[in-house]
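For the record, the sequence lines run as chains F and G. Heads up: the first sequence is residues 967 to 1194, going by our numbering. Heads up: the second sequence is residues 50 to 406, going by our numbering.
These are calculated hints, taken from the structure and not from any lab test. Don't take every hint at face value.
[What the hints assert, rightly or not] Below, a list of computed lysine to aspartate or glutamate pairs in the DMTMM-like style, where the Cα atoms sit at most 20 Å apart:
1. 1089(F) - 205(G)
2. 288(G) - 241(G)
3. 1089(F) - 106(G)
4. 231(G) - 97(G)
5. 90(G) - 1090(F)
6. 231(G) - 211(G)
7. 1089(F) - 117(G)
8. 90(G) - 106(G)
[Said to hold, decoys possible] Here are the simulated distance ranges between beta carbons:
9. 1170(F) - 114(G): 40 to 50 Å
10. 115(G) - 1026(F): 47 to 57 Å
11. 1026(F) - 284(G): 32 to 42 Å
12. 57(G) - 1033(F): 44 to 54 Å
13. 1170(F) - 113(G): 48 to 58 Å
14. 266(G) - 1027(F): 50 to 60 Å
15. 1019(F) - 114(G): 17 to 27 Å
[What the hints assert, rightly or not] Computed footprint of chain G on chain F; a stretch qualifies when at least three of its residues, placed anywhere within it, have a C-beta under 8 Å from a C-beta of chain G:
16. 1086 to 1100
17. 1105 to 1116
Predicted model only: the values in this text are computed from it and were never measured. A virtual CB, placed ideally from N, CA and C, is assigned to each residue, including glycine.
Take a look at the letters that make up each chain.
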Amino acid sequence: MSASVVAAGPDSFLWWDWVVDHGDDVRQRLLEHLWLTGLAVSIGFAIAMGLSIVALRFRRTYGPITFVTGFLYTIPSLALFAFLVPITGFTTLTSEIGLVSYTLLILVRNIVTGIDGVPSAVKEAADAMGYRPWRRFLSVDLRLATPAIVAGLRIATVTTVGLVTITALIGQGGLGAFIDDGLSRNFSTPIVLGAGLSIALAVVLDVLLLGVQRLLTPWARTDRRRAQ
Amino acid sequence: MVKRFPGAARPAVSQLTLEVPRGELVALVGPSGCGKTTTLKMINRLIEPTSGRIEVDGLEVTSAPVHELRRRIGYVIQQAGLFPHRSVAANIGTVPRLLGWSKARTRERVEELVDLVGLDRDLLGRYPSALSGGQQQRVGVARALAADPPILLMDEPYSAVDPIVRAHLQDELLALQARLQKTVVLVTHDIDEAIKLANRIALLNVGGILEQVGTPEEVLRAPATPFVEAFLGRERGLKRLALHTVGELSLPPGPVVQVEASAREAEDVMAAHGTDWVGVLDSGDRLLGWVWKSDLAAAGTVAALDLRPFRATVHAGATLREALDVIVNSATGVAVVLDGERYVGMVRLEQVSEGLG
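So here's chain F without its partners, still in its complex pose (with noise of 0.2 Å):
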């Protein structure tokens, strides 16, 4: 055992010049996880909002939608990527067709849990004041079930922050590619570095989003008094 745990040396678990030594790899692996993990959360919002609304209008069909995106959730990441790259390559796309398709059960589920649960006499009050379908959807329906709906994308974010770093195996860089690399070498700084990292981005956009939820919902917070 090394003496000390950090910046010791090469065989410390952290050396830390070595992180220092490497800064612009670190910021460049940073924004290339941040734009993975956006890229997917944001593209699995816009189809799980699609097949909710989908859901919501046919409800028959909510139960195959469930059962497929919940299908595509329990395939293991790596079996994923295995079966995909034959397909399309070592590309952002592989990696993206994997990422969205682990947002989507969690996402439909709450949405449409979270518009379900919009008190039925607001809806009807909404249609009765002479709301428009869709008109009533945007701005009754959805602003109501916003906590859902974030709490939906708080997981889904953390969920990709943590398989992006899976990617790395397929060459999509990312946080992933530090553990990857320390990991053939036996060298533990950088499978450190990559795993806190991925860690701490994944609390800082969680946090990021619950500040946006209580941004968008004013009328939630716990000091209900005034609007304004």
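With chain F fixed as given, assemble chain G onto it according to the hints.
Just chain G now, with coordinates in the frame of chain F:
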């Protein structure tokens, strides 16, 4: 018109024909399952009838796009159904916003409505969750009235508030209705609420069968069917008493004398009325109190006596039911009727019965 829900053995509403005169408040009353809410919701097409037609101002409700129809019909529901994510001001401004009014016009209208329904303007910025049940209900009414629709539909509007608040809100609705003269359809299972608020009551039986339509007085005096009689309950007479005011009665002056009257005159009045007491008035017809015959004998003049105050008094605007309550609680079996400070007369049980004629 008829409404049959898919899979139901019996129609929810059968062969219902009902006319709601402009400016009147019609209450749809009946037990659960009588189709009263279904009927209401067919007016603004939240539910579509299976067959038949519904006309508003001679135009069939299906003749215009449904959202346009609904913007011309105010809608108030139980627990108000306010938008929890919008401030009170935004809730009230819902229909004006949908109609594309300018912000300034909407704001002005919202402030007018808040005053109209008796809410504090300080509440405009709050969210509904910060309001009491009664305040939410007032916001619900203000929201329904926002674009000044000629028609108002109210579905059990007061069933979720406590009885004291409910009575207040009912009184406010009566005052509002006296000013605005909307055509109102009110659904309630509470016959007393219907009697209090409605110009006309439509009693529905299970399956949406119309048993009787009439003014509260007509319905209470002559229930058309055993169902109506049972639904109105055992206290029909008492309920009718609530529909008439003391002021409608022609009241006898009762045993009263002017304060300057002599003991002799007072004794004559008591003898004429068969009482052993007499009320005392001043020159402005204000009732000062009453005295015992025995006190009068000792004192010699009315003016020299300490007068005992009347406790059993009712205002001329009070209902006969309230007057009856005062009478039964009064030791003399008489309630003194006052109009402000002015003495009007005395009401006894006989006059109350005559009032029901």
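Cβ distance range 50 to 60 Å for residue 266(G) and residue 1027(F), holds or violated
holds, 56 Å
Regarding the pair residue 1089(F) and residue 106(G), is the alpha-carbon distance no greater than 20 Å?
violated, 27 Å
Can the restraint linking residue 90(G) and residue 1090(F) be considered satisfied, given a maximum Cα separation of 20 Å?
OK: residue 90(G) and residue 1090(F) at ~10 Å, within 20 Å.
Within 8 Å of chain G (C-beta), three or more residues of the region 1105 to 1116 of chain F
holds (count 3)
Straight-line Cα separation of residue 90(G) and residue 106(G) no greater than 20 Å?
holds, 17 Å
Is it true that residue 1170(F) and residue 113(G) lie within 48 to 58 Å of each other by Cβ?
holds, 53 Å
Take the C-alpha atoms of residue 1089(F) and residue 205(G), compute the straight-line distance between them, and say whether it is at most 20 Å.
Status holds; Cα separation ~17 Å.
If you check the beta carbons of residue 57(G) and residue 1033(F), does the distance land in 44 to 54 Å?
Once the Cβ atoms are compared, 32 Å apart, the range 44 to 54 Å for residue 1033(F) and residue 57(G) is violated.
Tell me if the beta carbons of residue 1019(F) and residue 114(G) are separated by a distance inside 17 to 27 Å.
holds, 22 Å
Look at the Cβ atoms of residue 115(G) and residue 1026(F) and judge whether their distance stays inside 47 to 57 Å.
Violated: the Cβ-Cβ distance is about 25 Å, outside 47 to 57 Å.
Distance restraint hint 40 to 50 Å, applied to the beta-carbon atoms of residue 1170(F) and residue 114(G)
holds, 49 Å
Residue 1026(F) and residue 284(G), beta-carbon distance inside 32 to 42 Å?
Given about 52 Å between the Cβ atoms, the range is violated.
Checked against the numbered hints above, the structure breaks hints 3, 4, 6, 10, 11 and 12 and satisfies the rest.
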